[in-house]
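Colleague: Each chain, letter by letter, is given below.
Protein chains: 2
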Amino acid sequence: MSKTDHSVAEIRATLQNWAEAARIFNIPVLLDHYTDDIRAFDAVIQTQFIGKKAYGDHWQACSQFCTGPLVFEISDPKIEASDNVGFCHCLLRCGGTDANGVEKTSWMRMTSCLLKEGGRWRIVHEHFSLPFDMESGKALFDLEP
Amino acid sequence: MSKTDHSVAEIRATLQNWAEAARIFNIPVLLDHYTDDIRAFDAVIQTQFIGKKAYGDHWQACSQFCTGPLVFEISDPKIEASDNVGFCHCLLRCGGTDANGVEKTSWMRMTSCLLKEGGRWRIVHEHFSLPFDMESGKALFDLEP
Chain A
2 MSKTDHSVAE
12 IRATLQNWAE
22 AARIFNIPVL
32 LDHYTDDIRA
42 FDAVIQTQFI
52 GKKAYGDHWQ
62 ACSQFCTGPL
72 VFEISDPKIE
82 ASDNVGFCHC
92 LLRCGGTDAN
102 GVEKTSWMRM
112 TSCLLKEGGR
122 WRIVHEHFSL
132 PFDMESGKAL
142 FDLEP
Chain B
2 MSKTDHSVAE
12 IRATLQNWAE
22 AARIFNIPVL
32 LDHYTDDIRA
42 FDAVIQTQFI
52 GKKAYGDHWQ
62 ACSQFCTGPL
72 VFEISDPKIE
82 ASDNVGFCHC
92 LLRCGGTDAN
102 GVEKTSWMRM
112 TSCLLKEGGR
122 WRIVHEHFSL
132 PFDMESGKAL
142 FDLEP
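Each protein sequence line maps, in turn, to chains A and B. Taking this note's numbering, the leading residue of the first sequence gets 2, the next gets one more, and so forth. Taking this note's numbering, the leading residue of the second sequence gets 2, the next gets one more, and so forth.
Don't read these hints as lab results, they were simulated from the structure. Fair warning: this is a prediction, and the values are worked out from it, not measured in the lab. Keep in mind that the hints are not guaranteed to be accurate.
Note: identical chains are not told apart, hence a pair may lie in one copy or across any two.
Unchecked claim - Within a straight-line C-alpha distance of at most 27 Å, the following computed DSS-like cross-link-like pairs (lysine-lysine) qualify: (1) LYS105 <-> LYS54; (2) LYS53 <-> LYS117; (3) LYS54 <-> LYS4; (4) LYS139 <-> LYS117; (5) LYS4 <-> LYS117; (6) LYS79 <-> LYS4.
Working from the sequences, and respecting the hints, build out all of it.
Modeller: Right, dumping it as structure tokens:
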């Protein structure tokens, strides 16, 4: 395995662990995947969240909105990496279960940017979004990939 | 200048050239900044654009919507890079001028991921978005950074 392949495999594992923590809103484990100076562009509410404290508070607030198990599945990840800089872009099937037990999900877009420091990959930037319709200005929740 | 600093400076210059081409919708120069297999998550219309042809057609379509000079200004870019893998996250003041000559802009979020191949940095992935309001589902055009 080349150094690059090794980095790609490490990043893939890092993001799998991160997604697993997100699914159960394990905020301490989730936050351990971010650098202290993370800059996050989330899909909702405000332009950016800067720093682990602000972003952690946002994750905590998001966990209050969700009832039932969170659907949060990485699909079609493309990862590129050198020995200490890497990124991943993928789609994310994201949503929850409504009061009648029906799963409601959307295809989100996600980009993660990572640095390896002290032998460990951490996310220094992430970007989640849905595209919007140009006429209505509304987010497009029902698009297929 | 270390190898990393050198890469960061090269990426900064690459994105400045790219933004300059975007401002005047110089589509051939714009497309020359992308890899053939670019995967783009744009702010509007559909989940993803895969490949230079599909994304070029989208840029071309966007150019039809714009009247007057395009505002397209990179703000607060954070760039990390090794010798052949790099990324940039920034805000983008983006918009145009209405029929009365009044500038209408929004703060978009942008992430660019680049690879250096054959001595040149090219964008292999980019992600533009606005966050949306969770109650109305509407894109938030008037947020401050």
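Colleague: All hints, please: hold or fail.
Modeller: Okay, the hints, checked on the actual structure:
1. Taking the shortest Cα distances, LYS105 and LYS54 never come within 27 Å of each other, neither inside one copy (29 Å) nor across copies (33 Å).
2. Within a single copy, LYS53 and LYS117 get their C-alpha atoms as close as 17 Å, which meets the 27 Å cut-off; across copies the closest is 31 Å, which misses it.
3. In this assembly of identical chains, the alpha carbons of LYS54 and LYS4 never lie at most 27 Å apart, being 33 Å within a copy and 32 Å across copies at closest.
4. Taking the shortest Cα distances, LYS139 and LYS117 never come within 27 Å of each other, neither inside one copy (37 Å) nor across copies (37 Å).
5. When the C-alpha separation of LYS4 and LYS117 is checked against a cutoff of 27 Å, the pair qualifies both within a copy, at 13 Å, and between copies, at 17 Å.
6. For the homomeric pair LYS79 and LYS4, the shortest alpha-carbon distances inside one copy (17 Å) and between copies (25 Å) are both at most 27 Å.
Consistency note: the structure conflicts with the earlier hints numbered 1, 3, 4.
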